[in-house]
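**Student:** Each chain, letter by letter, is given below.
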Amino acid sequence: MHLTPEEFVDAAEGTRSESSLPHLADCDRCRRELADLRRTMTVAADAEVPEPSPLFWDHLSARIGERIDAESDRSWWQAWIRPRVLVPLSAAAVLVLIVTLAPRSPSARVVVPVGPAPTVAVEPPNDSADLAADPLLTLVSDLSASMDLDSVSAAGFADPDSAEHAVTHMNTDELTALKQLLQAEMTRSGA
Amino acid sequence: MDSSLTWTQPGPWPMATIDVPLDGADERALVDACLAGRREAFDLIVERHRRTVYQLCYRFVANHEDASDLTQDVFVRAYRGLRNFRGQSSLGTWLYRIGVNVCLNRVSARTLPTEPIADRQFIDQDDDTGSDRLLRKERQARVRAAIAQLPRKQRATLILRIYREMSHQEIADALGSSVGAVKANIFHALGNLRKLLGSEGL
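As given, the protein sequences belong to chains E and F, one line each in that order. Heads up, the numbering used here is the position in the first sequence plus 191, with the first residue counted as 1. Heads up, the numbering used here is the position in the second sequence plus 145, with the first residue counted as 1.
No lab work stands behind these hints: they were computed from the structure. Even for Gly, the Cβ is constructed at its ideal location relative to N, Cα and C. Be aware that one or more of the hints could be misleading.
One-sided and incomplete, this derived list gives chain E residues near chain F with beta-carbon spacing under 8 Å [what the hints assert, rightly or not]:
| id | residue |
| --- | --- |
| 1 | Val234 |
| 2 | Ala238 |
| 3 | Leu251 |
| 4 | Ser252 |
| 5 | Arg254 |
| 6 | Ile255 |
| 7 | Arg258 |
| 8 | Val290 |
Some residues of chain E that are not near chain F, with every Cβ distance over 10 Å (derived) [as the list claims (entries may be wrong)]:
| id | residue |
| --- | --- |
| 9 | His193 |
| 10 | Val200 |
| 11 | Ser211 |
| 12 | Arg222 |
| 13 | Ala282 |
| 14 | Leu292 |
| 15 | Glu365 |
| 16 | Leu366 |
| 17 | Gln371 |
| 18 | Arg379 |
Take the sequences, apply the hints, and build the full model.
**Tutor:** Structure, rendered in structure tokens:
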């Protein structure tokens, strides 16, 4: 029985003595194989890696530094698109959007008249109790308590001139209705 | 580059701040400095280990360009995973392991060109020392190219055993195999190397 690969390697590396492998004494083929293995190992060990130019090492270090810097920059903005950041951020954006688009005073609503005589209907705040009990509106109210219009505008959710734009583009009837509404509100509040 | 490392020495006396040159810092201190955001500490790690890593990569691919790219990959990956360095082995061994993984992944992805070998036979010219040196260089190039053509597991095993002188067990741990498989890979790698080199190459 010829030597196994393990026995060959152990014998070639010298971790196992040839005398412990009696088969070697009787088998020319295994002796030749062992001699070839040793010679190949010697030739392989002699194969040094050619030394690059001295400039190469500095260039290599610089390239590694650049890649690490690039990676650091990339990881900074990649952190923003990770789900754990993106999901809460999106939720906050949706809330801001709701706050921005929601009516400022849910108890009063302007009804633009269709008939010849402009009329203003101010709905009585009979549903204010229901609105106050609405948990979603309470949540929105709590979240928006510390917000101001400038912050919302800066976030890009509302045009800071949108209210002014709406007023300046009203027709005569709408302006009259608005005037009456304001007067009624001032009378009610005693201003 | 600020080449000093500052840390606070604990003790029964009032806390003292010691400035130690970063150049003389040991591996653990360099790693800690890196983790604390000191990029120049990693530059020093690169400077200390770049030759060893480059040589490993060169042995895998047998050409300068790819060895250079692989060396960069190894250090970038090491920087990314520096937090995982526990200090159970030396930093050099840890980097070497990363290097082996990077090289194995790369060589499995595509066949790399090896350095050109002069198409000439090896003739014994012991009487000419100049030719001797040239022939030796050519033979080394041929051996490197032949190693780079071995199947990747055989290649990795041979490189770790012959050039890194790692034990069979260490190689088995690094490559996720058994000692028996490592020895079998060495045996087959040497056999294939012999075939690739031909009788005149030995």
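**Student:** None of the hints should be skipped; say for each whether it holds.
**Tutor:** Hint check results:
| no. | hint | verdict |
| --- | --- | --- |
| 1 | Val234 | holds (6 Å) |
| 2 | Ala238 | holds (4 Å) |
| 3 | Leu251 | holds (6 Å) |
| 4 | Ser252 | holds (5 Å) |
| 5 | Arg254 | holds (6 Å) |
| 6 | Ile255 | holds (5 Å) |
| 7 | Arg258 | holds (5 Å) |
| 8 | Val290 | violated (39 Å) |
| 9 | His193 | holds (12 Å) |
| 10 | Val200 | violated (4 Å) |
| 11 | Ser211 | holds (16 Å) |
| 12 | Arg222 | holds (16 Å) |
| 13 | Ala282 | holds (30 Å) |
| 14 | Leu292 | holds (43 Å) |
| 15 | Glu365 | holds (61 Å) |
| 16 | Leu366 | holds (62 Å) |
| 17 | Gln371 | holds (65 Å) |
| 18 | Arg379 | holds (62 Å) |
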